[in-house]
Amino acid sequence: MTNPISDILKAEVILTTGTNTDENHPIIANYVKEAVTRNGAKLLVIDPRRISLVDHATLWLRPRPGTDVAWINGLMHIILKEGLQAQKYIDERTEGFEALKAHLETFTPDHVSATTGIPADDLIAAARLYGKARPASILYAMGITKHTTGTDNVKSLASLAMLCGNIGVDGGGINPLRGQNNVQGACDMGGLPNVFSGYQPVADEKAIKKFADAWGGVRIPSKIGLTVTEMISGAASGQVKAIYVMGENPMLSDPDKHHVEHGLETLEFLAVQDIFLTETAKKAHVVFPAACFAEKDGTVTNTERLVQRVRKALEPPGDAKEDIWIINEISKRMGYPMPASTAEAIMREINTLTPSYAGITYERIAEKGLVWPCPDKNHPGTPVLHRGNFTRGKGQFFVIPFKPPVESADKEYPFILSTGRVLEHYHTGTMTRRGSGLNRLYPEALAEISRADAQKMGIAEGDYINIISRRGSIRVKTWLNDRSSQGMVFVPFHFHEAAVNLLTHAVVDPVSKIPEYKVSAVRIEKAS
Amino acid sequence: MSMVSLTIDGKMVSVPEGKTILEAAQQTGIDIPTLCFHKRLPPIGSCNMCIVEIKGRPGPVTSCNTPVEEGLDVATQSDALHAQRVINLKKILLHHALDCPVCDRAGECDLQNIVYKFGITDVAFEPRAQKRDDAYATSLIRYWPERCILCRRCVTACQSIKGIGAIDIIGEGDEARLVPVAADKCKSCGECLSVCPTGALTENLSRRKGRPWMGKRVKTTCGYCGCGCQLELSALENRVIGVHTETDDGVNQGSLCVKGRFGYEFIGDENRLKTPLIKENGQFREASWEEALDYTAKRLSAIKDQFGPDSIAGLTSARCTNEENFLFQKFMRAVIGTNSVDHCARL
Amino acid sequence: MTESKTITLNMGPHHPATHGVLRLIVELDGETIVKATPHIGYLHRGIEKIAESKLFQQVIPLTDRLDYSAASANNIGYCIAAEKLLGLEVPKRAQYLRVIMAEFARIMGHHLWIGTHALDIGAMTVIFYAFRDREMIMDINEEIAGYRLTPTFFRIGGVAQDTTSEFIKKVRAFVKWFPKAMEGYHTLLTKNKIWTTRTMNIGKISAEEAVNYGLTGPSLRGSGVAYDVRKAFPYSSYEDFDFQIPVGENGDVYDRYLVRMEEFKQSINIISQAIENLPEGPVQTDSPWITNPRTVDVQNDISALIRRFMMHTKGPAAPKGEVYAAVEGAKGELGFYLVGDGTEHPYRLKIRSSCFYLASALPRLLVGHMVADAIAIIGSLDVVLGEIDR
Amino acid sequence: MQTIINAISEKHPDAITKQCDAQGICEITIAADAFLEVMKFLHENKPFPFDMLTDILSIDRMPRTPRFDVVYLLLSTKNFTRIIVRTEIGEGQEIPSVSRIWHSADWAEREVFDLMGILFSNHPGLRRILTWENFEGHPLRKDFPLEGKDFDKPFDTTTIQDYC
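For the protein sequence lines, the chains are V, E, W and U, in the order given.
With the working numbering, the residue at position 283 of the first sequence is 283, and numbering never jumps.
Heads up: take any position in the second sequence, counting from 1, add 528, and you land on the working numbering.
Heads up: take any position in the third sequence, counting from 1, add 875, and you land on the working numbering.
Heads up: take any position in the fourth sequence, counting from 1, add 1265, and you land on the working numbering.
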């Protein structure tokens, strides 16, 4: 997020798209609702499903899944037509505006409403709402990024925000709501094939030298590594022989489950380190028992780049050990004894090697966390990014043509399947499907179909249906409500009994390599 | 913001306009007894414990929702006020169940503290607490009507913080009790549970596993979504017996969601992995750490020598801490010698 | 000048005659002691630090473990200090019961003293008689409080529960029986030639010096200073009883022996007066914050149940203030300096231990005597290390 | 008792900073510089000298500066009256020892030094009395944890050195 969560209270208009905030980020939804009820902010929700946030929305647009670039360009087209853009901000702080302006000519309201299914005057009202408001904040999540055009969607949203001068200002910003407690931290720490910690590129000689020297003169390759989807296909093709998995469950979270299963089984060696015997762990040659978040010390970074402490409250069960200890032991046995053994010592190493985390020490975040970038020991952190000027100097406008999703509804597979999360469960259900509490609220997978479609196919509430795609089929209970629009079905991916990744295809976004979970063509039949 | 000055118990106080008398008193350290007042909630004014006398006004006024005015002369303590407060408490105690030894909230119950502070020795009326078992808006929280003091904190919290309003108090006199008016809209966030002053709302999960103050309280960050809510785990004999929040702490300011407040059962689950496992002809067998670690190191080194470092890949996790992620990518890059490190940020 | 070679002898901390873990480094020139430096702290449990994290009524069992040979005498001190701080009135009957238990504690302490003191000097039989009588007092303790050595019978604001007729019968029996037992001790020791030669003119200390060294109790009265806290600063209705304060003349081991033997008699005198006119009435003060509600109330009345629950988990909050209350323990003046800061925990509790100052006088008393006399002198001071080290 | 107070304030006008009645015992607070003279005066004061020093104790008033209170309880065995003398000492500040006036002060001051860390100038032998020689820290201070420092690590008794 470019702005802190509390900035939501300062926004005049809040645009949320691709995020069911009330269910996936309930606390951020509290802020949105407080902004609307107490501060009189206007809420503009753009989501194919009628999510509960719509109850508080001033205006709700319902685009067809996968047509995000179209309506974003449509909004920008209207804002330019009515001169609502922040021209001074554009001239001083951005570049590439003219090319964008020319490109937007074709995205007239009628043309956009044809591709997206949003009525033209709603588009105009939305554009005026967002265009006039200073500041306006954009919140988005996986609904925008889980497409083959994910990166394009994000770039278009960035252009929209810059058009109205909403970046680098209080109450504004373009704010991705990260899904997990430390997904931001994992990226910051270099858990990516193309960057070291602090996003220092792997290809940069200076960075390699710095890390190599710090780690005792080891040889670090400059070639960008494999992403998770490439690893799985690499395993299937035999290019990858061994995978070491820590706290992950690709069997359920990766697209095209058969493909994943085949890949993992052909591996020479698979080591998994987790807190439960997950589906992936069952495929492993070695399984290590690890400690969960309540049994370890360390830090995590939340979605607003705030680094906060995690403290140990319990001892791990049985012989389970903390991940740090396990990694240290393996590396010692492979002839590379690691010096740092406690979380605090590792953080000191991170301070030296990662400029944006340099000032974040355990003493400073004992009471309250710090927002990175925090370059030195007495720097207060930077809650709002891009203030004054952009980190890369000038803001870049992008000319993004509209590309339809890979699979669209056709005669044989008339429905569009979208997958996602629900309030009561988390990711692959490893944690939330244990114990009686959360299970009682949401015991099994439910496919959400609109009442109209159900009536047409003679499906009653609670019947079981088969959802079939070109890659596989699952049997799942139905939940008739008016959340899903006609011709759409939503199935959560927490349940291995109805593993929705049997249905999704493995085509990914060219840049971010994120699979298109939000749009898959399926067929629905009444199950026996 | 214009300042308003008034005297409370003879002390001159000046506070910004719009503040209530209670806030002015608290600011100068004068202690007015309260029961239904809660820092995070707008004033409710249902318990009448915070009554004060204002010179020139006929009867006592509840100070929690009366705004300050210029030149007020407020008295917070007097025999009449004390007698009235004792009567208020006794009316509440009239219906209260004799549950203290078995009540989850005992020891942290606002009603207990205020009754003890006032030294109430006997409730003159014949107590008529009826045992009733009423349904509540979610299966994760249990409602004990005979412990409820009808202070409306839960109703206000559900309306003002969560904007849902799933519960309300219906009925008059003895019949009045909390009823889920819109149970389907309830998100089981536990906001009502966290502000309830007594044991009327308790967790259905950890009933009577231990008193909260017995456990060791550790402040940590929630392990689920990206909001990074601050919460306190209370652990007793290596078991988590409860989750608590401080009202002015972290981005969540005391609120949590259903996963944060109730999703801690997996920590003590019996089929947590406890010993390293090694697969032999399709079956897992338990192994010692020594054996498992040696086996892994040997296999990884062998594959690295035979097929080169790029034949090995690593999957770290967005649910591990920064330090673990850093160490993992250091292991893959320095020890294995490959950049094939990724995690599920893409999924 | 012949070069006089002194040897250093290490006595304790595990030594039969040091009445506990006192360590004495003694420099000998032949048999006479040239220099003695006591070392203490082997039984230091940090009672004062622990008290700061306890509730007020949870500190009472801690005070039992100070001078464990006369436990009730310590409890009464702490309870009076707490009651002064909290401003509570103790009913008459409870005060009388406290006096009885405190005097019994004094007698128990003196029994232990006479038994071990005589044993150190060589009289083997005295300890059997002394412990036989001590056993009877322990039965009385058990009868009323359920515990023999550390009864913890007192509560802030009164005593734990009322007496039983059995208790009164036993006390009367002991009061009737004890004077005869006293004659036994006197015939064994007072005129015994060996006893007088081993104790007369040994460990002499003048009145001024004793006061200057902070000695109190029988050791001070042995030197002729008639200071007894029960008479100087009467507490718990001691002013209702008439009893004398025995005082010695020349402050040696023998005089301290005579003073304590007389104190036996005086304590029995107090106990008989107290048991005869034990007043009727409640045994607990009547305050909603500290008095235990009756069980029948607790089962029927929510406010009584809340009071019972809060009393044992939170307890009363003491007002801000500092209080010093001293009592006459078996070994001397035992004072409790209690500081309250408005919470339910004592902010600071300092225990003025009489034996601490008795032990500090050892270097002065031992010099010039033979090693065998050192044992007699330590016995005559009757130090208990639980109270010294706290 | 009031005569003594007046006598003191004549000789040392600014010595007594506060006087109050603590539960029936007269208490005076003395400024640190005039401390030794006032104590000598109390010891020799003619009609009834305070010849016994009952106890010395220290209180840690943590957030307040000066941080410590040192309290002396004096008793006159001639007419059985008590007086409490208090003086406020900052961290690391020294207070003159009264062990030459009353012998009982020797050990009492050593205990205050040991458990609270208050230094007494020209004391015959100021060393720890209850804890061992190389014990770190002063247990009765408010910032000393109740369980002691790193209580959960094994304690190696061979590291203990005590005064021989």
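Everything labelled a hint here was simulated from the structure, so no lab data went into it.
Everything numeric in this text was worked out from a predicted model, so none of it was measured.
A few of these clues could be false.
Here are the computed lysine to any residue pairs in the SDA-like style, where the Cα-Cα straight-line distance is at most 25 Å [to be verified]:
(1) E:Lys618 - W:Asp1172
(2) W:Lys959 - E:Ser533
(3) E:Lys747 - V:Arg364
To see whether the hints hold, each was checked on the structure:
1. E:Lys618 - W:Asp1172: 16 Å, holds
2. W:Lys959 - E:Ser533: Between lysine 959 (chain W) and serine 533 (chain E) the Cα gap is close to 41 Å, so the pair fails against 25 Å, i.e. violated.
3. E:Lys747 - V:Arg364: Holds - the C-alpha atoms of arginine 364 (chain V) and lysine 747 (chain E) are around 15 Å apart, at most 25 Å.
When held up to the earlier numbered hints, the structure conflicts with hint 2 and nothing else.
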